[in-house]
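Novice: Chain residues, written in single-letter form:
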Amino acid sequence: MRRITHFIYNQKAAPYIFVLPFVLTFLVFFVYPVFTTIRMSFQEILPGMITNVGLKNYQRLLGDRIFRTAVSNSFEYMFWTVLILIPMPLALAYMLNSRSMAAPGLFKGILFLPILTSVVVAGTIFRLIFGELPGSFMNTVRAFFGLAPIKWLRQEGTGMAALVIMCCWRWTGVNILYYLAALKNIPPEMYESAEIDGANAWQKFRHISVPLVKPTIIYVLTISIYGGLAMFTESYMLWAGNNSPRNIGLTIVGYLYRQGWEQNRMGFASAVGLVLLVFASIINFIQLRLTGVLGKEGD
Amino acid sequence: MAVPSAKRVRRGPRLVLLVFFVCLSVVVLLPFFAILLASFKPAEELIRYGLNLRLDWHLMSFDNYKYLFTGITPEGQHLPHDYLLWFRNSVLLTVMQTALTLLTSAWVAYGFAMYRFKGRNVIFSCVLVILMIPFEILMLPMYSQASAMGLLDSFWGIILPFMAHASTIFFFRQYLLSIPKEIVDAGRVDGASEYGIFFRLILPIMKPAFSAMAILVGMNSWNNFLWPMLVLRSGKKYVLSIGLNTLLTPYGNNYDILIAGACFSVIPLLILFSFTQKYFIEGMTMGSVKG
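Those sequence lines, one after another, are chains A and B. Per our numbering, the first sequence starts with residue 1, numbered consecutively. Per our numbering, the second sequence starts with residue 1, numbered consecutively.
Don't take each hint at face value.
Claimed, not checked - When the alpha-carbon atoms are kept at most 30 Å apart in a straight line, the in silico DSBU-like pairs for lysine-lysine are as follows:
| id | chain 1 | residue 1 | chain 2 | residue 2 |
| --- | --- | --- | --- | --- |
| 1 | A | 214 | A | 204 |
| 2 | B | 278 | A | 204 |
| 3 | B | 118 | B | 181 |
| 4 | B | 66 | B | 278 |
| 5 | B | 207 | A | 184 |
| 6 | A | 12 | B | 118 |
| 7 | B | 207 | A | 12 |
| 8 | A | 204 | A | 184 |
| 9 | B | 278 | B | 207 |
| 10 | A | 214 | A | 184 |
| 11 | A | 214 | B | 278 |
| 12 | B | 66 | B | 181 |
| 13 | B | 207 | B | 181 |
| 14 | B | 66 | B | 237 |
| 15 | B | 278 | A | 184 |
| 16 | B | 181 | A | 12 |
| 17 | B | 181 | A | 184 |
As the list claims (entries may be wrong) - Derived list of chain A stretches under chain B, where covered just means 3 residues or more per stretch with a C-beta under 8 Å from a C-beta of chain B:
| id | region |
| --- | --- |
| 18 | 52-60 |
| 19 | 73-85 |
| 20 | 92-100 |
| 21 | 135-144 |
| 22 | 150-164 |
| 23 | 243-249 |
| 24 | 260-270 |
As the list claims (entries may be wrong) - Simulated coverage check for chain A against chain B, where a stretch passes if three residues somewhere in it have a Cβ under 8 Å from a Cβ of chain B:
| id | region |
| --- | --- |
| 25 | 216-227 |
| 26 | 282-290 |
Simulated from the structure, these hints should not be mistaken for laboratory data. Just so it is clear, CB atoms sit at the ideal spot from N, CA and C, and this is done for glycine as well.
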């Protein structure tokens, strides 16, 4: 016992004791389960009976039409959110940061409010906003323009639109904060000297702000890509469960959830999970390379 | 707020910007307004006519909220439900999870920030890897592991896998790197143990960092949905997000508790946000401007 106490209080051992909780979590909840999942992806798992099926799960996955729908939905969602949630919040942050802006703190606060809602609450609100009754909010907007009411969440295009709009509603304010933090780091002298050279607002934005907030743009891009790839609960809540008509809201993670939890095919679900992990790892690697985190770990 | 030199502010652009942001704010606040309005109307109204912005004063009342807190329906029936239990569970889980996550993550971050040791960079790369991978991608292996360890249907199952929390560790490490190492050396000279230094000298200095992260971790814990949904089984342990979700059955209408309950569940965060906006923002943006 005294030996152990002595070891723990040794200055050489201390750093390891400090990082131990992380190392344990990493091994127990990441490394080991990932290996189990790899093994499970080659198995068929029924209660009390596990059979090795080789590559069968993966073969099935390749030919699975519903999986392809899920992948295409996830990537379509990712595409739209990246297209909107990168430039729009940047432009808004630039305006909020401008000297002509009145009460920037107030507007920043208002735009941030939506992220305080949980997915459950936001999903409930937007499911009702995009309701199919003639009196549902979005249909009254259509009526205002003289258009007939539609079933928003039953058609492919409008269903995806609802999903993307909900995401933008929740995340625009957060991305604005990221950009504002970066914009505030730009010394005002840079804009001043550009003004002396006769630059207008757009030129200042294009040639000073954008290049200097590039690291933040890459950061926001990365989290948007991951967020798009991993999106599930938004769709789950918008359609009140994992079943959207003709799977128009089914995502890769939704498919994983359906196979693993709803249909209890853990082996097949593991294969889905690994494909997803491979997608994510590729993105992770590219991102670490781009931002140079892997390169500058010298000290 | 002045970024370019504040020599003259022209009226025109100022007005255009203001009008634009007022319109944008109205659009952003509309969903809140719509749901708040609905929470004061009878549920049948919502089912029959959909969510709208009509202000029908004669229809609006506090009946839904009365039912939420007393279990007495507008018709005077006593029809018990579990909303207050879920609320209590959410408070309990959020407090437990926030306290444990902050303490564990600060402990780990201190190791990364204040010592040089063999394997540090390798282990820290693992933090960066976990930092980026969204939870949804790992939920299947994590679930099998939690299940194998008998952690299902308990708050520990929700808390334990995220106690050494990558982004919180990252934030604390950044913060600690800015603290002069002399403090630690001085502590050693005074004869304090390595852990005594952490608890007595470092934790008090970390107070601002704790405030920023407490709000962020607390908000995520309060709003967390997917992992608790996978872990929790028995209705008595449900937290708000899970409980509200169970109200969405295809059979029967629970819109009275659902809408009023959803509104009320946002209120603690709204209050917190209005008082601590600075810390919120600090915590949220820390990851994006990394050194």
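Novice: For each hint, tell me whether it holds in the structure or not.
Specialist: Status of the hints after comparison with the structure:
no.: 1; hint: 214(A) x 204(A); in the structure: 15 Å, holds
no.: 2; hint: 278(B) x 204(A); in the structure: 28 Å, holds
no.: 3; hint: 118(B) x 181(B); in the structure: 19 Å, holds
no.: 4; hint: 66(B) x 278(B); in the structure: 35 Å, violated
no.: 5; hint: 207(B) x 184(A); in the structure: 24 Å, holds
no.: 6; hint: 12(A) x 118(B); in the structure: 10 Å, holds
no.: 7; hint: 207(B) x 12(A); in the structure: 27 Å, holds
no.: 8; hint: 204(A) x 184(A); in the structure: 15 Å, holds
no.: 9; hint: 278(B) x 207(B); in the structure: 14 Å, holds
no.: 10; hint: 214(A) x 184(A); in the structure: 14 Å, holds
no.: 11; hint: 214(A) x 278(B); in the structure: 24 Å, holds
no.: 12; hint: 66(B) x 181(B); in the structure: 57 Å, violated
no.: 13; hint: 207(B) x 181(B); in the structure: 17 Å, holds
no.: 14; hint: 66(B) x 237(B); in the structure: 24 Å, holds
no.: 15; hint: 278(B) x 184(A); in the structure: 15 Å, holds
no.: 16; hint: 181(B) x 12(A); in the structure: 17 Å, holds
no.: 17; hint: 181(B) x 184(A); in the structure: 29 Å, holds
no.: 18; hint: 52-60; in the structure: violated (count 0)
no.: 19; hint: 73-85; in the structure: violated (count 0)
no.: 20; hint: 92-100; in the structure: holds (count 7)
no.: 21; hint: 135-144; in the structure: holds (count 5)
no.: 22; hint: 150-164; in the structure: violated (count 0)
no.: 23; hint: 243-249; in the structure: violated (count 0)
no.: 24; hint: 260-270; in the structure: holds (count 5)
no.: 25; hint: 216-227; in the structure: holds (count 6)
no.: 26; hint: 282-290; in the structure: holds (count 3)
In summary, the structure is inconsistent with hints 4, 12, 18, 19, 22 and 23 from the numbered list given earlier, while agreeing with the others.
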